[in-house]
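Chains as they are written, first to last, in my numbering: chain Y, 1 to 187; chain F, 1 to 190.
These are calculated hints, taken from the structure and not from any lab test. Every residue gets a Cβ at the ideal spot worked out from N, C-alpha and C, and that includes glycine. Check before you lean on any hint, since a few could be wrong.
Stated by the list, open to error - Here are the simulated SDA-like pairs of lysine to any residue, each with C-alpha atoms no more than 25 Å apart in a straight line: (1) F:Lys87 x Y:Gly149; (2) F:Lys18 x Y:His28; (3) F:Lys87 x Y:Phe144; (4) F:Lys136 x F:Val66; (5) Y:Lys177 x F:Val66; (6) F:Lys90 x Y:Met165; (7) Y:Lys116 x F:Gly144; (8) Y:Lys185 x F:Ile25; (9) F:Lys87 x Y:Glu161; (10) F:Lys87 x Y:Ser22; (11) F:Lys131 x Y:Met165; (12) Y:Lys176 x F:Tyr53; (13) Y:Lys14 x Y:Thr34; (14) Y:Lys125 x F:Phe93; (15) F:Lys18 x F:Asn126; (16) Y:Lys125 x Y:Gly151; (17) Y:Lys176 x F:Ile31; (18) Y:Lys176 x F:Thr65; (19) Y:Lys177 x Y:Glu27; (20) Y:Lys166 x F:Phe132; (21) Y:Lys166 x Y:Leu178; (22) F:Lys99 x Y:Arg48; (23) Y:Lys116 x Y:Thr104; (24) Y:Lys14 x F:Arg22; (25) Y:Lys176 x F:Tyr96; (26) F:Lys87 x Y:Leu23; (27) F:Lys136 x F:Val183; (28) F:Lys131 x Y:Arg170.
Stated by the list, open to error - So the derived label-pair ranges between C-beta atoms look like this: (29) Y:Gly138 x F:Gly91: 40 to 50 Å; (30) F:Ala41 x Y:Thr32: 20 to 30 Å; (31) F:Ser125 x Y:Gln75: 19 to 29 Å; (32) F:Glu169 x Y:Ser30: 38 to 48 Å; (33) F:Pro163 x Y:Thr136: 20 to 30 Å; (34) Y:Asn81 x F:Arg181: 53 to 63 Å; (35) Y:Gly159 x F:Val175: 45 to 55 Å; (36) F:Arg78 x Y:Gly118: 24 to 34 Å; (37) Y:Arg157 x F:Gln92: 27 to 37 Å.
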Amino acid sequence: MSSKRASTMPAPLKPPTSLASSLIIAEHASLTGTHLITLGSNTVVHPRARFNSTHAPITVGSNCIICERSSIGFQSEAAANERQGILIENGVVIEVGAVVEARTVGEGTIIEVQAKIGKGAVLGKHCKIGPLCEITEGEVVPDFTVVYGPGMRRLDRSGVEDLKMKMVARQIEVLKKLIPSNLAKFQ
Amino acid sequence: MSKKQPKGEYIETDTGNKVSRRSQIIGTTNIILGGKTVIQAEVIIRGDLLRTYPASNPSEKQGNTVAVAIGRYCFFSRGCELRPPGKLYKGQFSHYPLKIADHVFVGPSSIIEAALIGSHVNIGSNVVVGKFAIIKDYVRILDGSVVPPNMVIPSFSVVAGRPARVVGEIAEGEVDGMDLREVYRAVGNG
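In isolation and in its complexed conformation, chain Y is listed as follows (with noise of 0.2 Å):
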């Protein structure tokens, strides 16, 4: 079914790309766009993730997971901070759905299923953004903060981190087995 649907749809314009080799990108997720997308190693991008580098460059750190319908990339025209583009730390997870404007992604950060991060905002350390939470345009996010329910806040001080990023080293193990690559494809 899915082989034959692929047929009808129009080859996209290729954005330059920068692949680490051993990046698991499935053949379904799409890179679009015209500036330079640059995915770390050991980093796994589920079928159907978006890239899109129209407004910006793209930079996604070592061992993230970019789960699917997730989409990566500004909307509209990057304002004169923005220029840099969007840059995604080690680690990272991002959850199905997710929409990410962000300027920066710290280290470690789990951004959960259908969260929207606002154009330009930059993530710290090892936070969490909860299911269909929001940050807004612009926004600075303290390091360990976990935003949960309809927009509250507290800090995570539980020192877990390491474990937490070990978990995810382990969970990329795994999908490594089960999602086939196919990085000759987005070069």
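Take the given structure of chain Y and dock chain F to it, following the hints.
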């Protein structure tokens, strides 16, 4: 798959499942559909997220793995997603099967990562069901709810909120309205 109508929206299988041509089903060999289930356009079912942790029960056959099991008369609305949950257990990460019983309705754009969903469950639109949630029979989840991971929802509850809580009970008369046979018949290539 080659039925009489060549260009309909839905493909009807031998067991009466109506699967949209525009659904995005990944890992079809690991998905079981009980029959008479409707899958609308843009629904994602992640059959590729298999269990990798070996089963403790040796009688369970290896290689006969199921990632998503769905019963009869289920209805998956446009844009929803079924995704087997994953967790770290004894130092190993593994996904676990997502089981859905009969007459389960899932509203548009809802994301389901539950472990188990009982019969006659009605899930509204834009609902997020967290990892390893267990939903028993006759439950209604209202629109926009976020069911937290590992939550167990008892039978005959009405659930809503972020995070979701039990806000009421299903009245006796309501139970008849949760049968999806009529809804199934209404779906077609017309």
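Verification of the supplied hints:
no.: 1; hint: F:Lys87 x Y:Gly149; in the structure: holds, 23 Å
no.: 2; hint: F:Lys18 x Y:His28; in the structure: holds, 23 Å
no.: 3; hint: F:Lys87 x Y:Phe144; in the structure: holds, 22 Å
no.: 4; hint: F:Lys136 x F:Val66; in the structure: holds, 21 Å
no.: 5; hint: Y:Lys177 x F:Val66; in the structure: holds, 16 Å
no.: 6; hint: F:Lys90 x Y:Met165; in the structure: holds, 17 Å
no.: 7; hint: Y:Lys116 x F:Gly144; in the structure: holds, 15 Å
no.: 8; hint: Y:Lys185 x F:Ile25; in the structure: holds, 21 Å
no.: 9; hint: F:Lys87 x Y:Glu161; in the structure: holds, 16 Å
no.: 10; hint: F:Lys87 x Y:Ser22; in the structure: holds, 23 Å
no.: 11; hint: F:Lys131 x Y:Met165; in the structure: holds, 19 Å
no.: 12; hint: Y:Lys176 x F:Tyr53; in the structure: holds, 15 Å
no.: 13; hint: Y:Lys14 x Y:Thr34; in the structure: holds, 8 Å
no.: 14; hint: Y:Lys125 x F:Phe93; in the structure: holds, 23 Å
no.: 15; hint: F:Lys18 x F:Asn126; in the structure: holds, 22 Å
no.: 16; hint: Y:Lys125 x Y:Gly151; in the structure: holds, 19 Å
no.: 17; hint: Y:Lys176 x F:Ile31; in the structure: holds, 20 Å
no.: 18; hint: Y:Lys176 x F:Thr65; in the structure: holds, 18 Å
no.: 19; hint: Y:Lys177 x Y:Glu27; in the structure: holds, 15 Å
no.: 20; hint: Y:Lys166 x F:Phe132; in the structure: holds, 21 Å
no.: 21; hint: Y:Lys166 x Y:Leu178; in the structure: holds, 19 Å
no.: 22; hint: F:Lys99 x Y:Arg48; in the structure: holds, 23 Å
no.: 23; hint: Y:Lys116 x Y:Thr104; in the structure: holds, 14 Å
no.: 24; hint: Y:Lys14 x F:Arg22; in the structure: holds, 24 Å
no.: 25; hint: Y:Lys176 x F:Tyr96; in the structure: holds, 17 Å
no.: 26; hint: F:Lys87 x Y:Leu23; in the structure: holds, 22 Å
no.: 27; hint: F:Lys136 x F:Val183; in the structure: holds, 22 Å
no.: 28; hint: F:Lys131 x Y:Arg170; in the structure: holds, 17 Å
no.: 29; hint: Y:Gly138 x F:Gly91: 40 to 50 Å; in the structure: holds, 41 Å
no.: 30; hint: F:Ala41 x Y:Thr32: 20 to 30 Å; in the structure: holds, 22 Å
no.: 31; hint: F:Ser125 x Y:Gln75: 19 to 29 Å; in the structure: holds, 23 Å
no.: 32; hint: F:Glu169 x Y:Ser30: 38 to 48 Å; in the structure: holds, 45 Å
no.: 33; hint: F:Pro163 x Y:Thr136: 20 to 30 Å; in the structure: holds, 22 Å
no.: 34; hint: Y:Asn81 x F:Arg181: 53 to 63 Å; in the structure: holds, 57 Å
no.: 35; hint: Y:Gly159 x F:Val175: 45 to 55 Å; in the structure: holds, 48 Å
no.: 36; hint: F:Arg78 x Y:Gly118: 24 to 34 Å; in the structure: holds, 26 Å
no.: 37; hint: Y:Arg157 x F:Gln92: 27 to 37 Å; in the structure: holds, 28 Å
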